[in-house]
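Engineer: Chains as they are written, first to last, in our numbering: chain A, 1 to 295; chain B, 1001 to 1295; chain C, 2001 to 2295; chain D, 3001 to 3295.
A couple of the hints might just be wrong.
One side of the interface only, derived from the structure: several residues of chain B facing chain A at Cβ under 7 angstroms [stated by the list, open to error]:
# : residue
1 : GLY1076
2 : ALA1144
3 : LEU1218
4 : LEU1240
DEER-style ranges, computed between Cβ atoms [stated by the list, open to error]:
#  : chain 1 : residue 1 : chain 2 : residue 2 : range
5  : A       : ASP201    : B       : ALA1132   : 28 to 34 angstroms
6  : C       : GLY2199   : B       : GLY1235   : 35 to 41 angstroms
7  : D       : GLN3134   : C       : ALA2144   : 49 to 55 angstroms
8  : D       : GLN3158   : C       : GLY2199   : 22 to 28 angstroms
9  : A       : PRO233    : C       : GLY2199   : 56 to 62 angstroms
10 : A       : ALA68     : C       : ALA2068   : 18 to 24 angstroms
11 : C       : PHE2236   : D       : GLY3056   : 45 to 51 angstroms
12 : C       : PRO2233   : B       : GLY1235   : 45 to 51 angstroms
13 : C       : GLN2109   : A       : GLU81     : 22 to 28 angstroms
14 : C       : ALA2068   : A       : ALA112    : 22 to 28 angstroms
15 : C       : GLY2199   : D       : ARG3150   : 18 to 24 angstroms
16 : A       : GLY76     : C       : PHE2236   : 40 to 46 angstroms
17 : B       : ALA1203   : A       : ALA112    : 42 to 48 angstroms
18 : A       : GLU229    : D       : ARG3230   : 32 to 38 angstroms
25 angstroms max Cα-Cα, derived DSS-like pairs, lysine-lysine [claimed, not checked]:
#  : chain 1 : residue 1 : chain 2 : residue 2
19 : D       : LYS3197   : B       : LYS1243
20 : C       : LYS2243   : A       : LYS243
21 : B       : LYS1197   : C       : LYS2237
22 : A       : LYS197    : D       : LYS3243
23 : A       : LYS237    : D       : LYS3197
24 : C       : LYS2243   : D       : LYS3197
25 : B       : LYS1197   : C       : LYS2243
26 : A       : LYS243    : B       : LYS1197
27 : B       : LYS1243   : A       : LYS197
28 : A       : LYS197    : D       : LYS3237
No wet-lab data here; the hints were simulated from the structure. Heads up, the beta-carbon is just placed ideally off N, CA and C, and yes, glycines get one too.
4 protein chains.
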Amino acid sequence: MRIGFLGLGGMGLPMALNLVRAGHEVSAWNRTSSRADAVRAAGGQVAGTAADAAEGAELVLTMLADDAAVSAVVFGDEATEGFLRALPRGAVHACTSTISVALSRRLAQAHAKHDQGYVAAPVFGRPQAAEAGQLTVVAAGAPAARARCREALEALGQTVHELGDDAPAANVVKLAGNFLIAGMMEALAEAFALGRKSGVDAAKLLEILNGGLVRSPLYQSYGTMMAQERFEPAGFKLSLGLKDMRLALAAADAAAVPMPLASLVHDHLLSGAARGWGDRDWTAMSRILSEAAGL
Amino acid sequence: MRIGFLGLGGMGLPMALNLVRAGHEVSAWNRTSSRADAVRAAGGQVAGTAADAAEGAELVLTMLADDAAVSAVVFGDEATEGFLRALPRGAVHACTSTISVALSRRLAQAHAKHDQGYVAAPVFGRPQAAEAGQLTVVAAGAPAARARCREALEALGQTVHELGDDAPAANVVKLAGNFLIAGMMEALAEAFALGRKSGVDAAKLLEILNGGLVRSPLYQSYGTMMAQERFEPAGFKLSLGLKDMRLALAAADAAAVPMPLASLVHDHLLSGAARGWGDRDWTAMSRILSEAAGL
Amino acid sequence: MRIGFLGLGGMGLPMALNLVRAGHEVSAWNRTSSRADAVRAAGGQVAGTAADAAEGAELVLTMLADDAAVSAVVFGDEATEGFLRALPRGAVHACTSTISVALSRRLAQAHAKHDQGYVAAPVFGRPQAAEAGQLTVVAAGAPAARARCREALEALGQTVHELGDDAPAANVVKLAGNFLIAGMMEALAEAFALGRKSGVDAAKLLEILNGGLVRSPLYQSYGTMMAQERFEPAGFKLSLGLKDMRLALAAADAAAVPMPLASLVHDHLLSGAARGWGDRDWTAMSRILSEAAGL
Amino acid sequence: MRIGFLGLGGMGLPMALNLVRAGHEVSAWNRTSSRADAVRAAGGQVAGTAADAAEGAELVLTMLADDAAVSAVVFGDEATEGFLRALPRGAVHACTSTISVALSRRLAQAHAKHDQGYVAAPVFGRPQAAEAGQLTVVAAGAPAARARCREALEALGQTVHELGDDAPAANVVKLAGNFLIAGMMEALAEAFALGRKSGVDAAKLLEILNGGLVRSPLYQSYGTMMAQERFEPAGFKLSLGLKDMRLALAAADAAAVPMPLASLVHDHLLSGAARGWGDRDWTAMSRILSEAAGL
Chain A
1 MRIGFLGLGG
11 MGLPMALNLV
21 RAGHEVSAWN
31 RTSSRADAVR
41 AAGGQVAGTA
51 ADAAEGAELV
61 LTMLADDAAV
71 SAVVFGDEAT
81 EGFLRALPRG
91 AVHACTSTIS
101 VALSRRLAQA
111 HAKHDQGYVA
121 APVFGRPQAA
131 EAGQLTVVAA
141 GAPAARARCR
151 EALEALGQTV
161 HELGDDAPAA
171 NVVKLAGNFL
181 IAGMMEALAE
191 AFALGRKSGV
201 DAAKLLEILN
211 GGLVRSPLYQ
221 SYGTMMAQER
231 FEPAGFKLSL
241 GLKDMRLALA
251 AADAAAVPMP
261 LASLVHDHLL
271 SGAARGWGDR
281 DWTAMSRILS
291 EAAGL
Chain B
1001 MRIGFLGLGG
1011 MGLPMALNLV
1021 RAGHEVSAWN
1031 RTSSRADAVR
1041 AAGGQVAGTA
1051 ADAAEGAELV
1061 LTMLADDAAV
1071 SAVVFGDEAT
1081 EGFLRALPRG
1091 AVHACTSTIS
1101 VALSRRLAQA
1111 HAKHDQGYVA
1121 APVFGRPQAA
1131 EAGQLTVVAA
1141 GAPAARARCR
1151 EALEALGQTV
1161 HELGDDAPAA
1171 NVVKLAGNFL
1181 IAGMMEALAE
1191 AFALGRKSGV
1201 DAAKLLEILN
1211 GGLVRSPLYQ
1221 SYGTMMAQER
1231 FEPAGFKLSL
1241 GLKDMRLALA
1251 AADAAAVPMP
1261 LASLVHDHLL
1271 SGAARGWGDR
1281 DWTAMSRILS
1291 EAAGL
Chain C
2001 MRIGFLGLGG
2011 MGLPMALNLV
2021 RAGHEVSAWN
2031 RTSSRADAVR
2041 AAGGQVAGTA
2051 ADAAEGAELV
2061 LTMLADDAAV
2071 SAVVFGDEAT
2081 EGFLRALPRG
2091 AVHACTSTIS
2101 VALSRRLAQA
2111 HAKHDQGYVA
2121 APVFGRPQAA
2131 EAGQLTVVAA
2141 GAPAARARCR
2151 EALEALGQTV
2161 HELGDDAPAA
2171 NVVKLAGNFL
2181 IAGMMEALAE
2191 AFALGRKSGV
2201 DAAKLLEILN
2211 GGLVRSPLYQ
2221 SYGTMMAQER
2231 FEPAGFKLSL
2241 GLKDMRLALA
2251 AADAAAVPMP
2261 LASLVHDHLL
2271 SGAARGWGDR
2281 DWTAMSRILS
2291 EAAGL
Chain D
3001 MRIGFLGLGG
3011 MGLPMALNLV
3021 RAGHEVSAWN
3031 RTSSRADAVR
3041 AAGGQVAGTA
3051 ADAAEGAELV
3061 LTMLADDAAV
3071 SAVVFGDEAT
3081 EGFLRALPRG
3091 AVHACTSTIS
3101 VALSRRLAQA
3111 HAKHDQGYVA
3121 APVFGRPQAA
3131 EAGQLTVVAA
3141 GAPAARARCR
3151 EALEALGQTV
3161 HELGDDAPAA
3171 NVVKLAGNFL
3181 IAGMMEALAE
3191 AFALGRKSGV
3201 DAAKLLEILN
3211 GGLVRSPLYQ
3221 SYGTMMAQER
3231 FEPAGFKLSL
3241 GLKDMRLALA
3251 AADAAAVPMP
3261 LASLVHDHLL
3271 SGAARGWGDR
3281 DWTAMSRILS
3291 EAAGL
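Just chain A, with the same shape it has in the complex (with noise of 0.2 angstroms):
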């Protein structure tokens, strides 16, 4: 298959090579053009703008940073043209990063309007995941389109959850992960903090929490980095964390729904950016939580 890949960062690259790998024809293009070499050595093609690795393509793959820099690919900006008018009638966007809902709605009417096929299809993972093609991805749009790039998607990730017709659905679900994962260190920055301070270790605490109650992954990695206070180098950062709690809370306020904890945890984050901790792993919101208990 002929597929367009846009963004070559620490997701996107292995992404884009595992599609090599898989035997599609892959034209990749990143803003910084070094970060393509990689692509060539294995075998794909290196596009020199956005809109030349849409053209002729059957799929365009999109993995960027932010709903900027995803605005800017699709519908160009004073830098860059934009690859909306490039992709051929009838070829599928898969847009693969966490972006707003509103953008994802935008995206999915912007390329209908051109006779295109649009698929939100965020991922669950880090970058070791990405390389080992074993990421989660949660796809919703038109049927036709999503069957269009089932083939590309199951070669990224060992699940892939197909979610209905309602491409902004997938971006919604994105968010709730994130912020469950957010809730969850909420959760044990507060117990942690009360451990601390009524003489149980937090590693304790987590080891016998985790272990007969909860008995979850998730919580042990977070957890461990927690109470181990090491927040760097960053898994993923604050000032990610940040901006998916925007999402998620301007998700939730078009969508009329009241979400305390989701409010609390981008306080909690938001505080963490004011004090300079935005380049932090996420956990370092813990602080924040020990600091109020004068620890």
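Dock chains B, C and D against chain A, hints included.
Structural biologist: Quick look at chains B, C and D alone, frame taken from chain A:
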């Protein structure tokens, strides 16, 4: 070992029976005496008062509803003589109830004054786990006292975590555990409300998020109840969950630890109680979030 | 002075009339033109478009509903040509609407690019205060631009606070003011719910607390509406209050200032909107608190 | 009238002196007796114990620090005999301290059992207001008991609000009042933090918002302290404010009224206490908000 067992409710009765089966000489007491028949049938003895059950015992285990019940049974009230004076010097009281940190500290002091041992030994698990001897026990107290009751506690639970010399620390762990569950419920409830108003079914959202991300049997069971909105019969009553959040907040207040998420779930449980849902399962708390979203 | 006045709603019409009465040459425009008749009757002119009203004006005042309306009138949209190009060099745009800090900053930049002045001049007060020329105006922007519109603003309000050179600062003050009111409503609503469930009538509670302690006419008028639970007709619509809390939270987010009380009142207003109360007075927010208490 | 006055702290002493000056026969007692000299100098008597002061009195007024102090003085503890038995039948206890709703109810029952009257009569105002006889008093209790102490209460305060027969209702009003102040501080603190990070000076913001909108002397005085960040010497200690928020939350919990803003301010005061600010003025709570914003 000669064991007095006080409190034969849904948790206490199977625990007492397991001690009988493990070969201990159990003398059991319950405020409403009919519950004691099963103990007699299994080969145990039935005591007329809490003090009688403690008379000559090496160990007294208590499994009672709340602070008031434990306090009455230990110190006595208008209706009952407490067992504090009847318990022999050198014997140990292991308190398995979910009680306040403050009462636990008071018990430690009172038993020490009477040359008795005290172990805080709260348990995690539902009645089925109690029947199967598969509770998780967290035990704290003086080493000698802990040693004294180790065998009995091992007859109750598959895992016994020993936590150190300060008895109330075990109560903190128990309260932190129930708080973690409540925090998880809050996060799921908000995510479900957002999902529902965005066209994503709660069961589907749970399947995706717990399947690939959290992978916790706790999320699975609680999340399923919340997705199905089946709140009766109660696995754990909302009124009891509210009680535990009160105890967690009281411990946090005494330790000068702000726990905003604990306040949040407390408020949602309190609102449930105000609406007359005290006897429903505490997952009914999720209805508060749904209603806030106009669902 | 030649003044273009854009937006003749409940606030804008009396403001425009006051400018006519103060002797200014007013050319007024409104999206639905029937509202302009009163201006003509008073001796003002009526413009066919926003751009016409700005043509040849020394000052343009805008009093429009929200960001979208202001943006459309300044920059244009599918339906309207904006007045940005029509406004003469050296003329000033004084924006009296409650808009976002971000849009205010964008307006400052756009007008500067066109060698025009921009003053953010949001107003406090209801339509009655507008009629009486007793609004409170907060004005910020370059000194020359502020000097240019001083006389006109003084015709609108009994007090004009000049705040400095950075126009968006005035918008922050306006949003902070509406947030203070919302915070007061939250506090009163919680106190009233506690009072009611403790046998203390809300009106009596207000009488005691505002009479002896707070002594604020604002508490008196809002508190009375909340005590009587008369939410219709709306003095200030819940949907507009919600909009302003969104703007306050957006400003706070951009400035990295956690505002947990703002999130709290946002959530209560949002829940009101979710229940279909958008057109009631925003004091209806207190019903959310009453219902939470089972009242 | 023969009046026993118990508690001669910063508030109690000027209150006792006002009663002497109003012509009452006052027998005063204080735990540290040196405080009583001023009463003797003014023409009052000094009692050796609380019980002595109550002996033969028609009315006993208590102005003590907290629940523990009131409870000790009424019911006795290891150090003191309480005055409950010494107070003549038909005499009245008017409790002016800020105590819990629960203790107030217990006092009402205990005095009724001894055929004595009980009036909850908490006061609003600082020591200067006590000196000037300008406190605001809120009195509740049986009509006959209220009638009995009316004259004495009028000697203390410029306004005496009578609230009805249920004594604890007056305590609810007092707690609601202190909660309103705390809520106002939270709102101002958030608004100030937003202002500061947006280039608007706190004092200026206060001037505009309180000047034109709120117009409350309470906002003025508290807001000025917060704007200047002068937290010492304390007008009202943070630790006492924290105590009152605990009492408000306890009353709310017992009445099944979620009060999320009360939880919020409680947490900020608690965090202040955790940082060692218990003896600063409770407006120091605003530092928690400033720090959260990285100020």
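Engineer: Each of the hints needs a verdict: does it hold here or not?
Structural biologist: Here is how each hint holds up against the structure:
Hint status for GLY1076 of chain B: violated, given a least beta-carbon distance of 29 angstroms to chain A, over 7 angstroms. Checking ALA1144 of chain B against chain A: minimum C-beta separation of about 19 angstroms lies over 7 angstroms; hint violated. Hint status for LEU1218 of chain B relative to chain A: holds, with the closest Cβ pair at about 5 angstroms, below 7 angstroms. Here the hint on LEU1240 of chain B is broken, as its CB sits about 16 angstroms from the closest CB of chain A, past 7 angstroms.
A C-beta distance of roughly 30 angstroms is found between ASP201 of chain A and ALA1132 of chain B, which places it inside the suggested range of 28 to 34 angstroms. A beta carbon spacing of about 36 angstroms between GLY2199 of chain C and GLY1235 of chain B agrees with the range 35 to 41 angstroms that was offered as a hint. Checked against the hint of 49 to 55 angstroms, the pair GLN3134 of chain D and ALA2144 of chain C passes, with Cβ atoms roughly 51 angstroms apart. Range check, GLN3158 of chain D to GLY2199 of chain C: Cβ separation about 25 angstroms, and the 22 to 28 angstroms hint holds.
For PRO233 of chain A and GLY2199 of chain C, the hinted distance range of 56 to 62 angstroms is satisfied, since their beta carbons lie about 59 angstroms from each other. Between ALA68 of chain A and ALA2068 of chain C the C-beta distance comes to about 20 angstroms, which sits within the given range of 18 to 24 angstroms. A hinted range of 45 to 51 angstroms is violated for the C-beta pair PHE2236 of chain C and GLY3056 of chain D, which are about 60 angstroms apart. Roughly 48 angstroms separates the CB atoms of PRO2233 of chain C and GLY1235 of chain B, a value that falls within the hinted 45 to 51 angstroms.
Checked against the hint of 22 to 28 angstroms, the pair GLN2109 of chain C and GLU81 of chain A passes, with Cβ atoms roughly 25 angstroms apart. A C-beta distance of roughly 24 angstroms is found between ALA2068 of chain C and ALA112 of chain A, which places it inside the suggested range of 22 to 28 angstroms. At about 21 angstroms, the beta-carbon gap between GLY2199 of chain C and ARG3150 of chain D stays in the expected band of 18 to 24 angstroms. Distance hint check for GLY76 of chain A and PHE2236 of chain C: the Cβ-Cβ separation is about 41 angstroms, which falls inside the suggested range of 40 to 46 angstroms.
Under the hint 42 to 48 angstroms, the C-beta atoms of ALA1203 of chain B and ALA112 of chain A, about 29 angstroms apart, miss the expected range. Roughly 35 angstroms separates the CB atoms of GLU229 of chain A and ARG3230 of chain D, a value that falls within the hinted 32 to 38 angstroms. In summary, the hint linking LYS3197 of chain D to LYS1243 of chain B is not supported, as the alpha carbons are separated by about 41 angstroms, beyond the 25 angstroms threshold. Distance hint between LYS2243 of chain C and LYS243 of chain A is fulfilled; the C-alpha atoms sit about 21 angstroms from each other, no more than 25 angstroms.
For the hint pairing LYS1197 of chain B with LYS2237 of chain C, the CA-to-CA distance comes to about 24 angstroms; that is within 25 angstroms, so the pair holds. Our distance criterion of 25 angstroms between C-alpha atoms is met by LYS197 of chain A and LYS3243 of chain D, whose separation comes to about 20 angstroms. Distance check on the hinted pair: LYS237 of chain A and LYS3197 of chain D sit about 24 angstroms apart at the alpha-carbon level, within 25 angstroms; holds. Of the pairs offered as hints, the one joining LYS2243 of chain C and LYS3197 of chain D holds, with about 22 angstroms between alpha carbons and a cut-off of 25 angstroms not exceeded.
In summary, the hint linking LYS1197 of chain B to LYS2243 of chain C is supported, as the alpha carbons are separated by about 20 angstroms, within the 25 angstroms threshold. Only pairs whose Cα atoms come within 25 angstroms are accepted, and LYS243 of chain A paired with LYS1197 of chain B is accepted, the gap being roughly 22 angstroms. Of the supplied pair hints, the one linking LYS1243 of chain B and LYS197 of chain A holds, its CA atoms being roughly 22 angstroms apart against a limit of 25 angstroms. With a CA separation close to 24 angstroms, the supplied pair LYS197 of chain A and LYS3237 of chain D stays within the 25 angstroms bound.
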